[in-house]
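J.: Below are the chains, spelled out letter by letter.
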Amino acid sequence: EAQVTQNPRYLITVTGKKLTVTCSQNMNHEYMSWYRQDPGLGLRQIYYSMNVEVTDKGDVPEGYKVSRKEKRNFPLILESPSPNQTSLYFCASSLRGPIPYEQYFGPGTRLTVT
Amino acid sequence: GQNIDQPTEMTATEGAIVQINCTYQTSGFNGLFWYQQHAGEAPTFLSYNVLDGLEEKGRFSSFLSRSKGYSYLLLKELQMKDSASYLCAVSSTGGSYIPTFGRGTSLIVHP
Numbered sequence: 001e002a003q004v005t006q007n008p009r010y011l012i013t014v015t016g017k018k019l020t021v022t023c024s025q026n027m028n029h030e031y032m033s034w035y036r037q038d039p040g041l042g043l044r045q046i047y048y049s050m051n052v053e054v055t056d057k058g059d060v061p062e063g064y065k066v067s068r069k070e071k072r073n074f075p076l077i078l079e080s081p082s083p084n085q086t087s088l089y090f091c092a093s094s095l096r097g098p099i100p101y102e103q104y105f106g107p108g109t110r111l112t113v114t
Numbered sequence: 001g002q003n004i005d006q007p008t009e010m011t012a013t014e015g016a017i018v019q020i021n022c023t024y025q026t027s028g029f030n031g032l033f034w035y036q037q038h039a040g041e042a043p044t045f046l047s048y049n050v051l052d053g054l055e056e057k058g059r060f061s062s063f064l065s066r067s068k069g070y071s072y073l074l075l076k077e078l079q080m081k082d083s084a085s086y087l088c089a090v091s092s093t094g095g096s097y098i099p100t101f102g103r104g105t106s107l108i109v110h111p
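Chains as they are written, first to last, in my numbering: chain A, 1 to 114; chain B, 1 to 111.
Bound conformation, chain B alone:
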């Protein structure tokens, strides 16, 4: 099976930078996803990492270290609308490839 761990809740200030960590244990790693989910809404795709390193996409970046079973999502220039849950999801080669989700990190951005 898979074990995915991320902090339950984080708070940050508007305009700041925040890093949300995700650690995982899995056999046959096949990629890691980050999704954003606003309260009461559907998750939406943010990023996908399968190779080690940093993927940058505007204010959001995602990093992966396969040897450490570790990823982080970096959010820069935080805005109030970034208040949401951030879900880490890991795909493995056994089974369907459909990722397993962590419990999510609730990010609260305050003025």
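Bound conformation, chain A alone:
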């Protein structure tokens, strides 16, 4: 089954404790992205990757890191989480081509930082 998976689905942590949210897709997609979704603000892009070892900042990259060592995986790293990073996070992937393709989203990770 074609899918994007994220782990964990729910996470409660404390300020300053490093964490990683994993994202994996089995569709051989080149593009992968991380979004956060907050009430009234919609989906905002954190980082994106156009292929292995190619990553770039989105609209709200502060406080986050990513890596793309393999095509299928795109982990999101919070080195020192703060309460303002409490949010619902989505990973997404899509094909790369001369036209934009639809994105496939993971189920989401609800993060609470206390």
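These are calculated hints, taken from the structure and not from any lab test.
Pulled a few chain A residues facing chain B out of the computed Cβ check, cut under 8 angstroms: (1) Gly40; (2) Leu41; (3) Gly42; (4) Leu43; (5) Phe90; (6) Ile99; (7) Gly106; (8) Pro107; (9) Gly108.
Treat the numbers as computed from the prediction; the structure is a model and nothing was measured.
For glycine and all other residues, C-beta sits at the position ideal for the given N, C-alpha and C.
Chain A is already provided as a structure; the job is to place chain B on it using the hints.
T.: Chain B alone, transformed into the frame defined by chain A:
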């Protein structure tokens, strides 16, 4: 950058028709997407428009006017399960092609 505007909330009656508008400003327009997102779930793809006109897909249709920077999503024969957020997303040729999302329109369908 891009500026995408859609209404925050709409209500409609089961069986009716509803039109959700999206206006955008961008340089290098490269396509517009509509996604549906039920509460607490991931967005799912509904439609993609890159040329002017209407694209019909069952009960859902999407329209685009590039000269006006305007799109709408038309939902016919509304069902209770259509209660969801509808996200407009615009792709531009500058950068990655990965679309930027509007804030979404929450649609409430009541009996």
